[in-house]
Structures are given as structure tokens and as C-alpha cells.
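Turn these sequences into a full structure, and let the hints guide you.
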Amino acid sequence: MFNLYFTALKSLAVKETNRYLRIWVQTLVPPVITTSLYFIIFGNLIGGRIGQMEGFSYMEFIVPGLIMMSVITSSYSNVSSSFFSQKFQKNIEELLIAPVPTHVIMWGFVVGGLGRSILVGTLVTTISLFFVPLQAYSWVMIIVTLLMTSILFSLAGLLNGIFAQSFDDVSIVPTFVLQPLTYLGGVFYSISMLPPFWRAVSRVNPIVYMISGFRYGFLGIIDVPILLSMGILVVFIVVLYAIDWYLIETGRGLRS
Amino acid sequence: MTYALEIKDLKKVYKGGVKALRGIDLTVEDGDFYALLGPNGAGKSTTIGVVTSLVNKTSGKVKVFDYDIDTDLTRAKQQIGLVPQEFNFNPFETVQQIVVNQAGYYGVPRKEAMKRSEKYLKQSDLWEKRDVRARMLSGGMKRRLMIARALMHEPRLLILDEPTAGVDIELRREMWDFLRELNKSGTTIILTTHYLEEAEMLCRNIGIIRAGELIEDTSMKSLLSKLMFETFILDLDTSGKVPEITGYPSEMVDESTLHVEVERNQGINDVFEQLSQQGIKVLSMRNKSNRLEELFLKITEENEHVEEANV
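Chains as they are written, first to last, in the numbering used here: chain R, 488 to 743; chain E, 468 to 778.
These aren't lab readings, by the way, just hints derived from the structure by calculation.
Even for Gly, the Cβ is constructed at its ideal location relative to N, Cα and C.
Each hint should be verified, as a subset may be incorrect.
[Claimed, not checked] Between beta-carbon pairs, the in silico distance windows are:
#1 E:W643 - R:G738: 53 to 59 angstroms
#2 E:D476 - R:P667: 34 to 40 angstroms
#3 R:L668 - E:E641: 55 to 61 angstroms
#4 E:T469 - R:F663: 55 to 61 angstroms
#5 R:F575 - E:F645: 27 to 33 angstroms
#6 R:M488 - E:E621: 34 to 40 angstroms
#7 E:E621 - R:Q513: 34 to 40 angstroms
#8 E:G498 - R:F493: 52 to 58 angstroms
#9 E:R600 - R:Y733: 31 to 37 angstroms
#10 R:L508 - E:E641: 44 to 50 angstroms
#11 E:K586 - R:G718: 49 to 55 angstroms
As C-alpha cells, this is what we get:
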């Protein structure tokens, strides 16, 4: 059975990878252009007037957050739109009738989200090299935070795809939930700069922990303790995984 | 006796209380070519949906080659190939990508899947189109692609839900030949269709579902033997004469076409003799309508009357 499941996982992962590569103009180019604009406007033009942030230039300070922002958006959108499209076109039935367990279906989609977000993250990092030199305080933290965040948001995107009934449902969450949480998650500022009340409110935002962990990997500075960041990521991954598994296993929105 | 499919007391109640299946018992033998017929909304697609695990059953037992879908779903699924009614492939993928991916979901390694894709796409006359995106195919090609995809893991049981809907006559005949060959090679086939002629031509056994119940489950031969009469259409060279047929209800529908109703025990030779004696030549002859169609309507109507009487 292991061979069957592994082959199925590979097939689904290849299919998902081909999907986002086939439509690269929609999946890879926009985040690169958007973050390039952020680098130019916030980092280069405005950043020069802001000065130092926790001992680093403003440009250096925002680079990890901007990379993380594109990773979050890419992993989420990839899985939510791919899963919903398959539901909409009914080709999810190809998987439902096949001897593929729910875990394999989930990991197939997660691998797609992971691949796209790593590719986008790499492209954005490459663009950032035109503005600031690459520095890495801890490669392990960079890689671990990147992978866990990408898995977490792939699972969140999957949840969105499971519940979505229309293409509007797929775009509502990124626009009205994900984007505000990312902007308020400390991409452009350190939450230690906020008044105590807003600092406490910010700690409810899970994206704060991811950006903090990722920035630690690059610059060695943190908004929240590393263990707490990792703990939050693990908890969210486990909870989302369990919910997604239950919903797909019971056929929520997939089987009548 | 090995059964490809065993269904016992299968019930399905949809949300909102619609009873789609009211306790179906059905067995399909290994190697059979079985037709599952019924009017729209009778429960055919729901039955297929439960067997292929696209629909959650309410109660009952389903076994595929002895693998219970409740306890051995993976092995049960491995035995089945499904050609659904609606096109459900990704229209933006190429023909070969679609079939190769599907094989992968059944554990067929990529190298082997590529080989099989050549075999089944050639059989389906789609090999030249292997790099074309599926949305660019004609309706008939899309149907063939669905069949090729379902065969990629070489299932023992192939379920076809309206496989020839919207397919032109020539192509339909080609598909029939292909399915006959497939069945001869040992694949059990279950077919639902609206073309009753198709079922009559292809299938050995037949089940008729109506309002969620299996009202007929028998051999095609024995079902057709229930037909008491047939209507024949005779094309005549009358040379201006009006044919008079005694002992058979008949009607001239135009100057040269005669409809004659013949009972099973009567035979049609006497009609030919009467026409010959009147100096009328029979140029050609055919059935007015498909025999199975007449029976199907009769059976479903009878069942409807019984239900009305019971209310």
C-alpha cells in the first residue's frame, strides 16, 4: 500500500506543480512585482527618511516581512483556488473515486502550496538583493519558519477551498482577513513600537509570530520569544490539519 | 460464483428527506455486461455514486469483487473504473497528462503509466491529440478521453454512466465495438444509458430502476421474451394497389409504407404471402421502434399503475 500511496502523492504533487507553473503569469509574477514596489517605495524612497529600526536600516528590517507576506499569500491562494477549481470543475472526483486516502490528498495539495510559496519566496529574496545584501543570522530558523508557515497557510487555504461555494468565497478571505492580518503582523514595524494595548492586541494575530520568527532568522531580532513562535505554528498546523482531514474524510461539500 | 458487484438493501436518503434508493438488491456476475436502466431521477446515478464512493449511503451493503466498501474501501476502489456522465477532467491539462495522472492515483508508476497512455489513447483514437489541452477536444473525443482515463489502471469492473450521450452514430458504433472487445477480454461492464437500443445490442443482463427500487433484474433474453408483439415497417412497391392484410392490425402511413403489428406467436411470413398474392413487392423491412424501448415503457408504466392503485 505504501507504494500506491507514494505514487499517488507524487502524481498529485506533479499535477499541482504543473498547474501553478502553467499559469506562472498569474501565480509567480504578481507577488514579485508587488514586493518590488514595496522595496522601491517603502524601503528605498520612504525608508531612507525613517532611519534605523532596532539597529538595522528600514529596508533591511522590512525584507523578511515582505518575503513572508508573499509566502503566506502564495501558499494560501494556491491551495484554496486549486482545490475550489477542482471542486467546481468536478475533477476532484478523479481523486475521490481513486484509492487515495485523505492524508495523501491533503499532502498533495500542501506540496503544491509549499512549492509555489518557496519559489515565490526565492524570487522575492532575489529581488531584495538589488536593494540590500543578503544576511542570515540563522539558516535553520529561516528554513523552519518558511516551511511551517507555508504548510500552515496551505492547510488554511485548503479549509477555504473546502467551504467555498463560489470564486468570491475564495477571494474574500485573502482580501478581508489575510491581508489586514499580514499588514498588522509587523511587516513594516516592530510591535514593540506599539502602545501596550495594541501590542497586546497584536499578540492575538498569529502572523506576528511567523514574521517575528522569520525576521529572527535573517536579522537575529525578535518581537516574541522563538519557542512561542514555533509553538503557535505547531498548534495551528495540528488544528488545521485535523479540521481539514475530518471535513474531507466525511465528504463535506464533496460527497452528497 | 464470483460477483463483480453485490448490493444488498441499499438505501439513500438525501438531506431534505428525498428517498433516492429504497432498498436495492443487485448482483452483477464477474464478466457480465449489465445494463442499468431507468427514467431520469430513478436512482441509477445515486447507485453508481455509492458504489464509487462519490455518494455516502444511508444504509445497506456494497461489495466489489468481495471487497466491502465499508471495511476494505481501498481494495474495492482499485477494482473500479468510472466513466461519469459529465465531463469531469481538468480542461486545461493535456490529454496525456489527464490519463497519466489518473493512473498515478491508482499507484501505477509514471513510466508504466506513460506506456499505458499510448495503448489506451491509441485505442481511443486520441494519440495524435495527446499534447492538446482537453478543452480543445470535440464532444466525442472528450467522451473517449473519459473512457481511456477510466481504463488506465486496468479495472476489473468498468462502470459507464451514459457513455455515448451526445456522440454521433458512427462513433457510437465504434465505441460499442470497443466495449464489446473489452468485455470479451474479461472486464465486467455496467452501463447506464438512455439509448435502449444500445443496452439491447451490448448487454446480457439488465436491471430497471424506478423511483429508487429495482423493479426488474433479469437476462436481456428473458426480458425481451416478455414482449408480446412487434411493429414492423414495410416499404412496398404497390404499383398503385392498396394492400389489404387480414388477421393483423395494419396501417398505410403513406403511398408505399405499411405498419403491421405482429404477435410473437404469429410470425410475419403470412403477411408476406398476402402481399405477394396481391402482387405487391416488399422492398425492405425494419422494426418500428426498439423492442427494449417498448418493453421499458410497458414495465415502467405498469409499475406506475400498481403504485397508484396502492395509494
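Which hint numbers doesn't this structure obey?
Of the numbered hints given earlier, those the structure breaks are 1, 2, 6, 8 and 10, listed in rising order.
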